[in-house]
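K.L.:
The C-terminal position of the sequence shown is numbered 306 in the numbering used here, with every residue numbered one higher than the one before it.
Quick caveat, the hints were computed from the structure, so don't treat them as lab data.
A couple of the hints might just be wrong.
What the hints assert, rightly or not - In silico lysine to aspartate or glutamate, EDC-like type, Cα no more than 16 Å apart, as pairs:
hint	residue 1	residue 2
1	Lys278	Glu211
2	Lys278	Asp223
3	Lys278	Glu164
4	Lys278	Glu170
5	Lys278	Glu162
6	Lys278	Glu231
7	Lys278	Asp142
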Amino acid sequence: MSEKIIGLTEWFATAPGQYLLAWEQAQFDLAVADLFGYNAMQLGLPELDALQANRMPHRWLALPEVVPTDARPAAGPLPRVALITDAAALPFPPGSLDLVVLPHTLELSADPHHVLREVERVLVPEGRVVISGFNPTSLWGLRQARGRLCGRLGIRAFGASSLYLPEAGDFIGSWRLRDWLRLLSFEVESDRFGCYRPAMRTEAWLQRYSWLDRAGARWWPIFGAVYFVVAVKKVRGMRLLGPAWKPRRATSAAPVSVANRH
Numbered sequence: 045m046s047e048k049i050i051g052l053t054e055w056f057a058t059a060p061g062q063y064l065l066a067w068e069q070a071q072f073d074l075a076v077a078d079l080f081g082y083n084a085m086q087l088g089l090p091e092l093d094a095l096q097a098n099r100m101p102h103r104w105l106a107l108p109e110v111v112p113t114d115a116r117p118a119a120g121p122l123p124r125v126a127l128i129t130d131a132a133a134l135p136f137p138p139g140s141l142d143l144v145v146l147p148h149t150l151e152l153s154a155d156p157h158h159v160l161r162e163v164e165r166v167l168v169p170e171g172r173v174v175i176s177g178f179n180p181t182s183l184w185g186l187r188q189a190r191g192r193l194c195g196r197l198g199i200r201a202f203g204a205s206s207l208y209l210p211e212a213g214d215f216i217g218s219w220r221l222r223d224w225l226r227l228l229s230f231e232v233e234s235d236r237f238g239c240y241r242p243a244m245r246t247e248a249w250l251q252r253y254s255w256l257d258r259a260g261a262r263w264w265p266i267f268g269a270v271y272f273v274v275a276v277k278k279v280r281g282m283r284l285l286g287p288a289w290k291p292r293r294a295t296s297a298a299p300v301s302v303a304n305r306h
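Turn these sequences into a full structure, and let the hints guide you.
P.N.:
Set out below in structure tokens:
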């Protein structure tokens with residue numbers, strides 16, 4: 045394997061890439077299986093079929109660019125791409141989609157916050173967005189940060205500057221993502237972390253540390269290599285208020301005493 049990995053496609057063909065894809069596929073299957081509506085869209089990452097367990101009648105895969113024929117996923121043929129679009133300018137009217145899934149889409153975008161604003165625009169009220177991303181505060185994230193730092197400093201001895209994760213993109217912490225979602229009136233419905241094995245490159249070494257997936261989920265859950273977030277779009281409804289004043293109720297006039305005439 046080359047010292048530098050330039051994209052997700054090449055990295056997902058490696059042993060750690062397949063390990064992460066398997067975990068994410070299971071999480072997407074669980075998250076979208078019971079979500080109902082009419083229109084669902086997966087934006088990015090053709091190596092993953094994030095909507096395969098969903099039962100909405102209209103499900104689309106949208107990519108930011110055409111997938112080259114020589115960049116086929118390791119698991120099989122190219123997926124059927126419905127449209128090529130910019131993630132920051134989705135060709136859908138407001139409130140037209142019930143579900144949008146973003147597998148590693150935000151961290152590969154030049155303006156991830158704008159992408160989230162577009163997703164909020166096209167989602168119906170109570171629509172859901174499902175997001176996965178690399179966790180910078182994990183063993184994998186620290187390994188990646190070390191490689192980038194050594195590369196900037198020119199330290200290349202013993203492979204110190206080699207990158208473990210894809211070179212492209214900037215990782216977004218889960219706490220930062222939560223702040224963005226809150227600002228856009230999303231409510232986080234669930235979140236979880238996964239992939240606790242060390243930054244190993246071979247299948248054999250990854251399998252030796254498979255027990256860490258159970259231990260990590262129990263003892264240090266927020267330090268998984270990848271996070272998974274489900275959020276729902278909340279629209280604050282308007283409530284008509286009556287006037288602050290209340291009309292004074294008419295009071296019956298007090299009876300007037302009349303003197304008896306003799």
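K.L.:
Does each hint fit the structure? Answer for all of them.
P.N.:
Against the structure, the hints:
Using a Cα cut-off of 16 Å, the hinted pair Lys278 and Glu211 is violated, with the two alpha carbons roughly 35 Å apart. Note on Lys278 and Asp223: the hinted pairing holds, with a Cα-Cα distance of about 15 Å set against a maximum of 16 Å. Our distance criterion of 16 Å between C-alpha atoms is met by Lys278 and Glu164, whose separation comes to about 10 Å. Between Lys278 and Glu170, the direct Cα distance comes to roughly 6 Å. Compliance with the 16 Å bound is thereby established for this hinted pair.
Only pairs whose Cα atoms come within 16 Å are accepted, and Lys278 paired with Glu162 is accepted, the gap being roughly 15 Å. Under the criterion of a C-alpha separation no larger than 16 Å, the hint pairing Lys278 with Glu231 is consistent with the structure, at around 7 Å. At roughly 13 Å between alpha-carbon atoms, Lys278 and Asp142 fall within 16 Å of each other, so this suggested pair holds.
Violated hint: 1 only; the structure is consistent with all others.
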